[in-house]
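S.K.: From first to last, the protein sequence lines are chains A and B.
Using my numbering, read the first sequence as starting at 16 and increasing by one per residue.
Using my numbering, read the second sequence as starting at 12 and increasing by one per residue.
Label-pair distances were calculated between CB atoms; the ranges are:
| id | chain 1 | residue 1 | chain 2 | residue 2 | range |
| --- | --- | --- | --- | --- | --- |
| 1 | B | ALA91 | A | ALA634 | 35 to 41 Å |
| 2 | A | GLU64 | B | GLU35 | 28 to 34 Å |
| 3 | A | SER615 | B | LEU25 | 24 to 30 Å |
| 4 | A | ALA634 | B | PRO186 | 26 to 32 Å |
| 5 | A | ALA634 | B | GLY219 | 41 to 47 Å |
Here are the simulated lysine-lysine pairs, BS3-like style, with alpha carbons at most 27 Å apart:
| id | chain 1 | residue 1 | chain 2 | residue 2 |
| --- | --- | --- | --- | --- |
| 6 | A | LYS576 | A | LYS449 |
| 7 | A | LYS404 | B | LYS129 |
| 8 | A | LYS435 | A | LYS109 |
| 9 | A | LYS484 | A | LYS404 |
| 10 | B | LYS274 | B | LYS285 |
| 11 | A | LYS109 | A | LYS576 |
| 12 | B | LYS129 | A | LYS484 |
| 13 | A | LYS273 | A | LYS122 |
| 14 | B | LYS134 | B | LYS65 |
| 15 | A | LYS221 | B | LYS65 |
| 16 | B | LYS285 | B | LYS299 |
| 17 | B | LYS129 | A | LYS221 |
| 18 | A | LYS449 | A | LYS109 |
| 19 | A | LYS221 | B | LYS134 |
| 20 | A | LYS366 | A | LYS435 |
None of these hints come from the bench; they were simulated from the model.
C-beta atoms are modelled at their ideal positions from N, C-alpha and C, and glycine is treated no differently.
One-letter residues, chain by chain:
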Amino acid sequence: MHRLVAIVCLVCVSLLTASLVLAQEADVSSEQGEAIQETVPGTAPGEGEYRSFLGLDSRVIVWVVAQVHLMFAAFVLGVPMFAVIVEIIGVVSKDDRYDHLAHEFTKLLSAAFSTTAALGGLLAFTLFGLYPRFMGYMSGIFHGSMYVYALLFFAEAFSLYLYYYTWERLRNRKALHISLGVLLNVVGTALMFIANSWLTFMMSPKGVDPATGALISFRDAFANPLWQPINVHRLIANVTFGGFVVGAYAAIRFMNAKTDEQRAHYDWMGYIGNFVAILALIPLPFAGYYLGREIYSVSPVMGNNMMGGAFSWTFIIQAILIGMIFVGANYYLWTGMSRIPGSERYTGYIKYLNVILLLCFAVWLTPHNLPLSSEEQLLMGGQYHPVLKYLGLMSAKNAAVNFIILSTFFSFLLYRRANKSERVPVSEQGRTVKIVVSAVGVLCMALLGAYAYSLLALDPTTLDLAPEKSRYFVLPAVLLIVQIGAIGACAVLTFVNRGIVAQAALFGVTILSVVFILGVYGFVVMTEANPFLRNIAVCQVLLVLSSLVFGSAIDVALFRKAQQVGNIAWGRIPIRSQYTLVLLCVSIVLLMGLMGYIRSGLREDWHVYGVIRDTSQWAFTPTMAYMSKVVALCTVIFLGLVTFVFWLSGLQQKESEPDS
Amino acid sequence: MRSAYLNVALFAALLIAFFVLVGEAVTRISGLGGSVATVAGVNPEAGESIFWGKGKCGTCHHIGGRGSAVRCPDLDGIGALAVERAAELTAGGSTMSPTDYLVQSIAEPSTYVVANYKDEMPKAYEPPIGLTAEEISATITYLQTLGGEADAAAITLPDAVRQAAAAASSGSWTPYIEGNATVGEYLFYDRQGVATCVLCHTSIDKDGVERGGDVGPVLSHVAGVRTPEFMLRSMLDPSAEIASGFEQTLIITTANQYEDGVKVREDEASITIKRMQANEVIEITVQKDEIRKISNQTLSAMPGNYTDLLTVQQLHDILAYLMTLG
Numbered sequence: 016m017h018r019l020v021a022i023v024c025l026v027c028v029s030l031l032t033a034s035l036v037l038a039q040e041a042d043v044s045s046e047q048g049e050a051i052q053e054t055v056p057g058t059a060p061g062e063g064e065y066r067s068f069l070g071l072d073s074r075v076i077v078w079v080v081a082q083v084h085l086m087f088a089a090f091v092l093g094v095p096m097f098a099v100i101v102e103i104i105g106v107v108s109k110d111d112r113y114d115h116l117a118h119e120f121t122k123l124l125s126a127a128f129s130t131t132a133a134l135g136g137l138l139a140f141t142l143f144g145l146y147p148r149f150m151g152y153m154s155g156i157f158h159g160s161m162y163v164y165a166l167l168f169f170a171e172a173f174s175l176y177l178y179y180y181t182w183e184r185l186r187n188r189k190a191l192h193i194s195l196g197v198l199l200n201v202v203g204t205a206l207m208f209i210a211n212s213w214l215t216f217m218m219s220p221k222g223v224d225p226a227t228g229a230l231i232s233f234r235d236a237f238a239n240p241l242w243q244p245i246n247v248h249r250l251i252a253n254v255t256f257g258g259f260v261v262g263a264y265a266a267i268r269f270m271n272a273k274t275d276e277q278r279a280h281y282d283w284m285g286y287i288g289n290f291v292a293i294l295a296l297i298p299l300p301f302a303g304y305y306l307g308r309e310i311y312s313v314s315p316v317m318g319n320n321m322m323g324g325a326f327s328w329t330f331i332i333q334a335i336l337i338g339m340i341f342v343g344a345n346y347y348l349w350t351g352m353s354r355i356p357g358s359e360r361y362t363g364y365i366k367y368l369n370v371i372l373l374l375c376f377a378v379w380l381t382p383h384n385l386p387l388s389s390e391e392q393l394l395m396g397g398q399y400h401p402v403l404k405y406l407g408l409m410s411a412k413n414a415a416v417n418f419i420i421l422s423t424f425f426s427f428l429l430y431r432r433a434n435k436s437e438r439v440p441v442s443e444q445g446r447t448v449k450i451v452v453s454a455v456g457v458l459c460m461a462l463l464g465a466y467a468y469s470l471l472a473l474d475p476t477t478l479d480l481a482p483e484k485s486r487y488f489v490l491p492a493v494l495l496i497v498q499i500g501a502i503g504a505c506a507v508l509t510f511v512n513r514g515i516v517a518q519a520a521l522f523g524v525t526i527l528s529v530v531f532i533l534g535v536y537g538f539v540v541m542t543e544a545n546p547f548l549r550n551i552a553v554c555q556v557l558l559v560l561s562s563l564v565f566g567s568a569i570d571v572a573l574f575r576k577a578q579q580v581g582n583i584a585w586g587r588i589p590i591r592s593q594y595t596l597v598l599l600c601v602s603i604v605l606l607m608g609l610m611g612y613i614r615s616g617l618r619e620d621w622h623v624y625g626v627i628r629d630t631s632q633w634a635f636t637p638t639m640a641y642m643s644k645v646v647a648l649c650t651v652i653f654l655g656l657v658t659f660v661f662w663l664s665g666l667q668q669k670e671s672e673p674d675s
Numbered sequence: 012m013r014s015a016y017l018n019v020a021l022f023a024a025l026l027i028a029f030f031v032l033v034g035e036a037v038t039r040i041s042g043l044g045g046s047v048a049t050v051a052g053v054n055p056e057a058g059e060s061i062f063w064g065k066g067k068c069g070t071c072h073h074i075g076g077r078g079s080a081v082r083c084p085d086l087d088g089i090g091a092l093a094v095e096r097a098a099e100l101t102a103g104g105s106t107m108s109p110t111d112y113l114v115q116s117i118a119e120p121s122t123y124v125v126a127n128y129k130d131e132m133p134k135a136y137e138p139p140i141g142l143t144a145e146e147i148s149a150t151i152t153y154l155q156t157l158g159g160e161a162d163a164a165a166i167t168l169p170d171a172v173r174q175a176a177a178a179a180s181s182g183s184w185t186p187y188i189e190g191n192a193t194v195g196e197y198l199f200y201d202r203q204g205v206a207t208c209v210l211c212h213t214s215i216d217k218d219g220v221e222r223g224g225d226v227g228p229v230l231s232h233v234a235g236v237r238t239p240e241f242m243l244r245s246m247l248d249p250s251a252e253i254a255s256g257f258e259q260t261l262i263i264t265t266a267n268q269y270e271d272g273v274k275v276r277e278d279e280a281s282i283t284i285k286r287m288q289a290n291e292v293i294e295i296t297v298q299k300d301e302i303r304k305i306s307n308q309t310l311s312a313m314p315g316n317y318t319d320l321l322t323v324q325q326l327h328d329i330l331a332y333l334m335t336l337g
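This is chain A alone, in the form it adopts within the complex (with noise of 0.2 Å):
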């Protein structure tokens, strides 16, 4: 049997060594200048642009077949990242638990990795028959890497299906199989960024002639500017629609399990799974922000028309999805308290997180302003309402959304400590814990002090300031400096036994820092050094990012074995939460949806932006209304097709074992 893993092995490194080389091999010969060509076969215009099926709208077509593509593919990517993080934790805890749950999660893995490679093909042949022109030219550019990803495709497939089925043989030789989890996820993420050049090339193209669209540099074209801010998105993305998909799992099965111990155990893997989920959605703003960023860095056009634009409303689409995932997430985790014995201390903190999520809701809701009559206009006195015009700008967003997070964090740290009693004072738990907490602080101090350097230190032309403009530099890099004091000072709290009050200070110098004054900051700053927008943005993020490691270090260092009040009650949880977790699942299903067609459709008229232009029947911008049906056909065909195949997974299971 060892054999057999280690020839499999050795197969799949052979199949990505040789994509390896294969990429460099395209790579280097266009560079030499032999793929160079002055005309791209299919680049010129002519007959056989695009075709039809069946008199379908061939967009639609590419556009539902792609979303539910993607869907099932974040899943099978995002999967497995967290199934070996539970395998490792299930090795180090030696609780079996975390064994099966991992082996849980990749069972439906397996299942869903036959209808996302289908879907792939079947993607591939709607893109080369309905758009034959287009992919012709697209593979002229990319066929190099075309070949690497179906070899990688092959790793991908025995890598899993390896992973799966040795789970039984190598129960006693746990680092092989770990291993063989790690080698799955680094050939699914080799996988999904080579897509990624290819859609991101399309947005933002690079090392092709312009004019022509000829080829000068395939490294450029696939590594263009939107390849890492999409790769570290949808990595992060991958994992949070994972965990919420595996959530939805747990509570249907939650709902129909027969017996107490089933019940507990579909409850506690609902919670990994929205545990897992919450844990990725938290940065997930922060990696969102960063692609907006270099969107705009890439085309001011893009970016304006993404955020001011024909596509600013779908952000408040999304503002709505989002803000029902965070509130749906904090309302699971406050009914999951109902289960842990002493939870009950803290439940009267749960009304004042609702009020702040909601109000920062309604903030993040707020549109700048409205299509309005003059008869409105009259009403309300202008154009913008007095006051709520404020709400519909960027700072205001930016400080909801941060306030939004940090509560959702807090969220989790009365969860975490809901049925801890008597603590042992970190001065009492040896040097170790002292060493981690120092460590975690000064990561974080040093990070911070970083970008406070570059700001005081940042030449205000380059952002294309007059040189007295570098004063609005100073109290963003004051505030960071502070919270380097602050950090330190609560670490020397924590070390003094009164963690509890630490955490609240940091707490609460980050909520004034990011949400009252950098927030109202952000409005003298738009007005008055408008390109130094952005960096007050990084500055919130760095602050509360400073805030929710350094908390958590405290947060560990705190509760290091720490009495129970009792033990937690896993499978006694309202329903209600089990529909939580179905919510949960279909706004992230609808969300991606929607990213899927903002990041799609910001090219508007375009193939490829700029180069290659699409001159087909369907290259007009859909409305909001026509765009919200396509995205819900996708997510009733994603969940249909998710359910059938979890149910067929189910069908060997319910052989085996006819009791569960």
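With chain A fixed as given, assemble chain B onto it according to the hints.
M.R.: For chain B alone, coordinates are given in the frame of chain A:
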């Protein structure tokens, strides 16, 4: 068990339906998706349509109370402000008219960046916006009206902009054969010849004198605002796109008389139209109480039979002449 599945399916369906309803509601609130009237020609109306539409200027700029974008300067009064800016830049050594400043701000936006704003304005004649030279000129006339008067004749687009705009908007179109501009000018001004363009259009002759009729658009600077492809198409199929303000109006009087021509004036009591008749421009005024029916025509006043009247070479000679009118 079955009811649990059903409940979950219903719950999911409700959530998806809510999403669709939000999409519908946002469409109604935002007002997106309606058809947008397009106005052709080099005039402030067309420019306004381009500014808030294809040109996407409104995604960064606002104009007084219209629009909400604050990323780039408010353009309210830019027509008047251009005078100050031009004077400021002229003091710096260059010779510049207010219109030149407006041209520069679109053609080379990085040359002068308003204080406290980032140098990020794209060149509107390049992809992905890809405005044509005509559309850029129309936008400039719109900006001129924001605190000043529209003056299309004052607009001179740099060659690089015209070439880039032509390439961006129509690919790499070039005339089918080479034309002779001198012959083209003769054909244009020959009142007894086969083309007789001068009867309806004003242009600049070889002595630099602007002369001609006013039934059709002034062509004195046509090469600055129209692509060669557009000019040839206008000669071959003049009704394909009629310049704004030169649409034909048909009036049927209560006495069943048919009068058509380009509308010149309209007041409370009457409408005046003009047209070519026996090589002369005539104006006809009809009292409104004598009008039974009035409608705009889709047919241009310009004859559509130049393919019969002119040879391919003559068409290209006239085109070559028009292309000298920058």
